[in-house]
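First to last, the sequence lines map onto chains A and B. For the first sequence, the UniProt record's numbering assigns the number 1 to the initial residue and increments by one for each residue that follows. For the second sequence, the UniProt record's numbering assigns the number 1 to the initial residue and increments by one for each residue that follows.
Among these hints, one or two may not hold up.
As a list, the in silico DSS-like pairs of lysine-lysine whose alpha-carbon atoms are at most 30 Å apart [said to hold, decoys possible]:
hint	chain 1	residue 1	chain 2	residue 2
1	B	Lys58	A	Lys111
2	B	Lys58	A	Lys110
3	A	Lys324	B	Lys432
4	A	Lys105	B	Lys58
5	B	Lys275	A	Lys105
Simulated from the structure, these hints should not be mistaken for laboratory data.
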Amino acid sequence: MIDFTMIWAAIIAFGVIMYVLMDGFDLGVGILYPFAPDEESRDIMMNSVAPFWDGNETWLVLGGAGLLGAFPLVYSVLLPALYLGVFLLLAGLIFRGVAFEFRFKASREKKAYWSTAFCVGSGVAALAQGIVVGSYIQGYQTENMVYTGGAFDWLTPFSLLTGVGLLIGYALLGSTWLIMKTEGSVQDWAYRMTPRLLAGLLSIFLIISFWTPLVDEFVRDRWFSNLFVIWLLPAGAMGCAYLILRAVRRRDEGLPFVATMGLFVFTYLGLLASKWPYVVPPDYTLYDAASAPESQAFLLVGVLFVIPVVLAYTAWTYWVFRGKVRAGEGYH
Amino acid sequence: MEFDPVLISRIQFAFIISFHAIFPVFTIGLASYIALLEGLHFKTGNRAWAQLSRFWTKVFAVAFGMGVVSGIVMSFQFGTNWSNFSQASANFLGPVLSYEVVTAFFLEAAFLGVLLFGREKVPRGTHLFAACMVALGTFISAFWILAANSWMHTPAGVDFRDGVFHVTSWTEAIFNPSFPYRFTHMAVASFLTGSFVVAGISAWYLLKGHMVEANKKALSMCLWMILFLAPAQAVIGDFHGLNTMEYQPTKLAAMEGNWETQAGAPLLLFALPSKDEQGNLFEVGVPNLASIILTHHADGVVPGINEASAAEQPPVSIVFWTFRTMVGIGFLMIAIGIWGLVLRLRRQLYEPGLFHRVMPLMIAAPFIAVVAGWFTTESGRAPWLVYGMVSFSEGITPSLSGWMAVVSLIGYMAVYAVVYGAGGYYLWQVVKGGMDETVPGSDESGAHPKRPLSGGGPIGNAAPAAPLKGDWT
């Protein structure tokens with residue numbers, strides 16, 4: 001008997017990290033907007049992500065639909081629990097999504113509004129996603145597989161901190177993406193931003209690492225049990241942080257982005273390992289949340305065949321738009 | 001004041017889906033049109049096709065962007081407002097919606113980037129391929145979403161155990177009884193919508209004398225489409241109605257405004273249905289016609305609304321009137337198709353006149369028809385989320401309070417007002433700006449895909465078309 005639930009856990013985990021890494025850098029570009037040197041830089045920054053953002057965001061929709069298909073309990077507890085936060089996330093994504101088209105069509109005076117919409121929308125979406133991570137670590141109040149907590153249970157100092165953490169993390173993905181995709185003054189500026197963002201991210205990372213075992217007994221036990229392997233994950237993250245700093249000093253162009261992705265992957269694995277096998281903490285595991293085996297099997301057939309194809313043509317589009325983005329180029 | 005979370009959530013869903021629905025229905029048709037234009041240009045090398053394709057791609061980009069963001073909202077609404085329904089139907093809806101994402105959304109999104117930004121970066125054939133993939137993606141998407149929606153109307157292939165649906169047959173569930181009609185009806189609606197928008201704008205450009213060669217071609221193509229598809233849509237709609245009579249008799253009765261099951265039912269042209277009175281306050285009808293249409297016998301039996309208890313009746317007035325709105329517009333479309341044919345036969349199709357002034361006004365028609373049709377079918381399902389099995393009140397999120405639903409409803413309305421107000425304005429700016437005469441890399445001698453924009457074609461160094469002054473009101 002194949003354990004579909006375990007396979008699905010791996011697929012969803014993969015989908016989520018794909019979303020974080022890919023939409024992360026284009027949200028990050030939006031977050032960095034107010035700090036950009038000038039309006040022309042903003043044009044270049046937006047053009048560097050314009051062909052990709054839609055595909056990147058599709059991973060979020062896959063996460064939502066995939067959860068409904070494979071782990072409906074996660075879907076039907078988390079979304080009601082985060083109701084107002086989900087609204088903020090969606091409002092943010094709406095504003096930044098339309099800004100891609102509207103900003104280039106706006107008159108000179110109105111352009112600033114859509115720059116603001118892009119920036120604030122990206123920031124709110126990133127913050128909301130970070131808050132989801134915090135709320136997940138805190139856990140959800142449930143009864144009979146239904147959310148029974150209040151409207152603002154997700155809003156705590158701890159979850160706000162994880163929110164800010166992800167906001168800065170996305171900005172770091174954005175700045176290292178820009179190092180790779182731009183040149184001249186925009187690239188110089190991105191080189192300057194990267195170490196500052198990294199410093200900010202690491203300090204929040206540190207606070208969260210001390211705070212998490214205090215808010216969550218389960219995580220404390222997990223971290224300080226015999227499972228020493230778990231300490232390799234933050235060590236890996238620190239290694240990536242060092243790589244980023246070194247690469248920026250040597251003015252490597254691709255490595256900072258790759259190492260930032262590594263930093264995210266290690267942190268993410270650390271989070272998963274800390275909570276495993278709970279998907280709706282503190283009460284429900286993967287197996288409690290799973291949909292019917294025949295549904296998981298039906299979806300699996302398609303996903304196993306289709307996802308490699310999706311990855312192939314997605315990779316192809318990144319290849320089509322490879323190389324540096326230059327001023328005035330890229331828009332249709 | 002206490003708010004009912006069920007009612008507010010229904011209003012919220014109706015609001016969001018109405019806004020969302022008009023974008024896919026337009027972009028599905030337009031994507032195929034763009035793919036066709038790219039294909040014609042690839043084959044003939046005629047610049048007019050490239051000019052049209054470039055222009056409509058710009059419109060497509062704005063409309064698609066708005067469709068994407070409103071679609072993301074939709075996919076989260078199930079979980080936020082209808083979590084019990086999500087939990088109950090996840091075994092079917094989850095896989096179906098996931099298949100939509102992996103087979104359609106990724107395809108659209110990835111190739112959209114190449115379609116919009118890759119014109120100078122990939123060979124012409126590859127660009128054509130990207131256009132085809134985007135068009136294909138929109139259809140695959142419609143396939144899955146209508147499978148999901150149809151299943152909620154005519155659930156099949158499932159076993160309802162302990163409050164959860166378990167799929168017993170995927171083919172029966174996906175190809176459920178109303179799916180073929182609903183899918184065909186929506187596909188044709190998309191082509192009609194695309195045709196009316198393109199025809200309306202082309203007619204307006206012809207009035208202005210703007211890019212006459214290209215716009216003549218566009219207008220002509222669209223009018224052929226309308227001529228054949230508008231009557232075909234009426235036939236498909238009729239079949240869909242028969243299917244509704246079989247599987248959702250109460251909805252059909254509401255569409256007809258027919259309260260008592262009766263033989264020889266009249267076709268009501270006008271009526272004021274009242275749920276309190278369980279009858280119509282006033283009605284004007286053609287005797288026996290409803291029976292003839294629905295059963296093909298003058299004294300065939302047509303089901304009545306009061307076969308269902310008052311609590312299980314849909315909002316009859318909404319269903320009755322939105323249905324008439326949709327059908328009325330459908331007949332108007334058929335008339336436009338015939339009018340166009342008459343002008344064509346008289347060789348007056350391209351002479352600016354009344355027809356060219358009416359066509360821009362007709363742009364609104366398919367959108368109104370689509371929204372009205374959605375209201376008919378979705379309100380007609382009330383009070384059921386899954387027909388006859390899960391009601392609205394059973395499907396609602398238990399932790400959702402009335403004020404949360406109200407706050408998010410007001411929030412979405414505010415966000416949509418700003419975003420779609422601006423979107424409409426920019427679409428208008430694109431149309432007013434006119435088509436770009438300069439089409440690089442499209443001279444008859446062959447493809448030069450890598451040539452930069454300023455390289456110029458035969459008239460490549462000509463100044464871009466002057467913006468049109470929008471004196472059409």
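Each hint, compared with the structure:
As the CA atoms of lysine 58/B and lysine 111/A are separated by approximately 18 Å, the hinted pair is consistent with the 30 Å bound. In summary, the hint linking lysine 58/B to lysine 110/A is supported, as the alpha carbons are separated by about 19 Å, within the 30 Å threshold. About 33 Å separates the Cα atoms of lysine 324/A and lysine 432/B, which puts this hinted pair outside 30 Å; it is violated. Distance hint between lysine 105/A and lysine 58/B is fulfilled; the C-alpha atoms sit about 10 Å from each other, no more than 30 Å.
Straight-line distance between C-alpha atoms of lysine 275/B and lysine 105/A comes to about 49 Å, which puts the hinted pair past the 30 Å bound.
Going through the hint list in order, the structure does not satisfy hints 3, 5.
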